[in-house]
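A.B. asks: Here are the chains, one letter per residue:
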Amino acid sequence: MAMTINGPFTIRVLTAFIREELAKAGFSKAVLGLSGGLDSAVCAGLAARALGPKNVLALIMPYGTSFSADMDDAREAARVFKIRSLVIDIAPMVDAYFAAQPDAGRVRIGNKMARERMSILYDVSAREKALILGTSNKTELLIGYGTIHGDMACAINPLGDLYKTQVRQLAAELGVPAKIRAKQPTAGLWTGQTDEGELGLTYAEIDKILYALVDERESRAEVIASGFKKKAVDMIVARMKASEFKRQMPPIAKISSRTIGHDFLYPYDWDK
Amino acid sequence: MTPVLGDVRKNLELHLKTIDRARREKADLLVFPELSLTGYKLRDLVETVALDPERAREFRDLKTLSKDIGLVFGFVEERPSEKGMFYNAAAFLAGGRILHVHRKVFLPTFGMFEELKFFAPGRNFRTFDTPWGKMGLMICRDFLHISAHYLLFAGGAETTLTISAAPGRGLSEDEGFTSSRMWELMGESMGRFAQAFVIYCNRVGFEDGVAFAGGSFVYTPMGESAGRAAYLEPALFVRDVDLRDVRKARKAWPFKRDDRPEVTLAALERIVHGYDD
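One line per chain: the protein sequences are A and B, in this order. Residue numbers for the first sequence follow this note's numbering, so the first one is 1 and each next one is one higher. Residue numbers for the second sequence follow this note's numbering, so the first one is 1 and each next one is one higher.
Worth flagging that the hints you see were computed from the coordinates, not collected in a lab. A couple of the hints might just be wrong.
[Stated by the list, open to error] Only part of the chain A face toward chain B is listed, based on derived beta-carbon distances under 10 Å: (1) Val13; (2) Phe17; (3) Glu21; (4) Lys24; (5) Asn157; (6) Val233; (7) Val237; (8) Thr259; (9) Asp263; (10) Phe264; (11) Leu265; (12) Tyr266; (13) Asp271.
[Claimed, not checked] Sample of chain B residues with no beta-carbon within 10 Å of chain A, all distances over it, derived: (14) Phe59; (15) Phe206; (16) Trp253.
Just so you know, these numbers come straight off a predicted model, no measurement behind them. We treat Cβ as the ideally placed atom computed from N, Cα and C, and that holds for glycine.
Could you put together the complete structure from these sequences and hints?
C.D. replies: Below, the structure written as structure tokens:
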């Protein structure tokens, strides 16, 4: 299948990306949130190889003890890649806020937790003089399965052009513990949540449809004609459209003759 | 090499260091990648890094050094006679003089590329005499157009030099990017069928998340590989070539002798004049 990637070569590209992007910005250290899941474990493995384990700090940020198994897996990933780790319980901050918000549902609470972790990551990155590595993969980014300004926030993202299926391939190549590789992917917004349960499709199915739509530039009709369920393709196309705002900077109202984002156009790596 | 985006002074330093190393390797000719003096993804920085080859201090320094080693490099060109016209250009320096400046003709503007938004297109592919025979220059995307190769072939090029900033794109089960194979295929084919040396220099490093693939290569007039630099790694890639191979190849297969540029020209005129839109 065309989605199969050469593991060692992909690791070479992504480790060089992490190293060079950090160096250009004047950094040698990285922080990332380690959830106990696959993506952040792969990112940790890449960072350890790119920068040396001593230069990578993993933040493990559980909400109380409701995901203690995930916390153990996160610790195991940090141990395997020999990176530093720090546990910060977000329950006190999150609970303090929601004490005055009795009508908040689980999605609001879940998003708040994701943004609490983001806020801590940015604070720790300033303290450590480190940049934040993003762990959102291409699948999540395309279907908008992430919290804007939450788990999607980062300085650079080495995984954003790899589908979940490909992240899984890299995980094996990097030596991510088998237990983590065997887990059901979950956003961890509430207990018992699984990505595939919530989306109604497996990542294998989603990735094949996305690959056809995005990488192969096939139309919706062509993808359906090639044997995918209409309902599944439509769900994915609808999710892609609905989440475009998460993948772009917010529009600026253009009123001057030269406007940021419209015709004031500089490279991200300006003078780097 | 990996140029610093938008900093000509630092990039000139990089050039001087590389020239030193190449001279120690006894190289006659040193080829840098596309926009080597400026970096690639300039966008609105284009106007701040533009140079006039006749007056720029950078050119004076490099011309002096070219008395001992031929130099090919990339820069943004703006001449006083064409103010506000910025070209993605390649210069060939030897013997203390500028022997040729080529302006990129085919400016990719689709998908991730936006060159036509910031550059004016060149209008010619011209060969020129060098101490190492007749040569022709191309810049990155030019190389993927068979018309560019044909014009240099028809113009008598014995060597084509291409400077490039080609991103690596597409992964497969094999080592390297799938896009790299495309360039190598063209190099091999044009070496063989234009019966010229094909020298292709591609940069490495990242700009805004884009990885440049590296993998510079040389093909002989027989279409044989004379080696390829590693993908993604900076390298001073040195190869000896025997310029007599052009004659050897053209004796064995007289493609050049049998070419009919007047037929091509007449047929092209009929095609171009036949447009009815």
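A.B. asks: Run every hint past the structure and note whether it holds.
C.D. replies: Each hint, compared with the structure:
1. Val13: At about 6 Å, which falls below the 10 Å cut-off, the nearest Cβ of chain B leaves the hint on Val13/A intact, so it holds.
2. Phe17: 6 Å, holds
3. Glu21: The hint holds - Glu21/A has a Cβ within 10 Å of chain B, the shortest such distance being about 6 Å.
4. Lys24: 8 Å, holds
5. Asn157: Result: holds, 8 Å to nearest chain B Cβ.
6. Val233: Status violated, d = 23 Å.
7. Val237: 20 Å, violated
8. Thr259: 12 Å, violated
9. Asp263: 8 Å, holds
10. Phe264: Since the shortest Cβ distance to chain B is 7 Å, the answer is holds.
11. Leu265: Holds - the Cβ of Leu265/A comes within 10 Å of chain B, reaching about 4 Å at its closest.
12. Tyr266: 5 Å, holds
13. Asp271: It holds, given that the least Cβ distance between Asp271/A and chain B is near 5 Å, below 10 Å.
14. Phe59: Non-interface label on Phe59/B holds, nearest chain A Cβ at 22 Å vs cutoff 10 Å.
15. Phe206: 5 Å, violated
16. Trp253: 37 Å, holds
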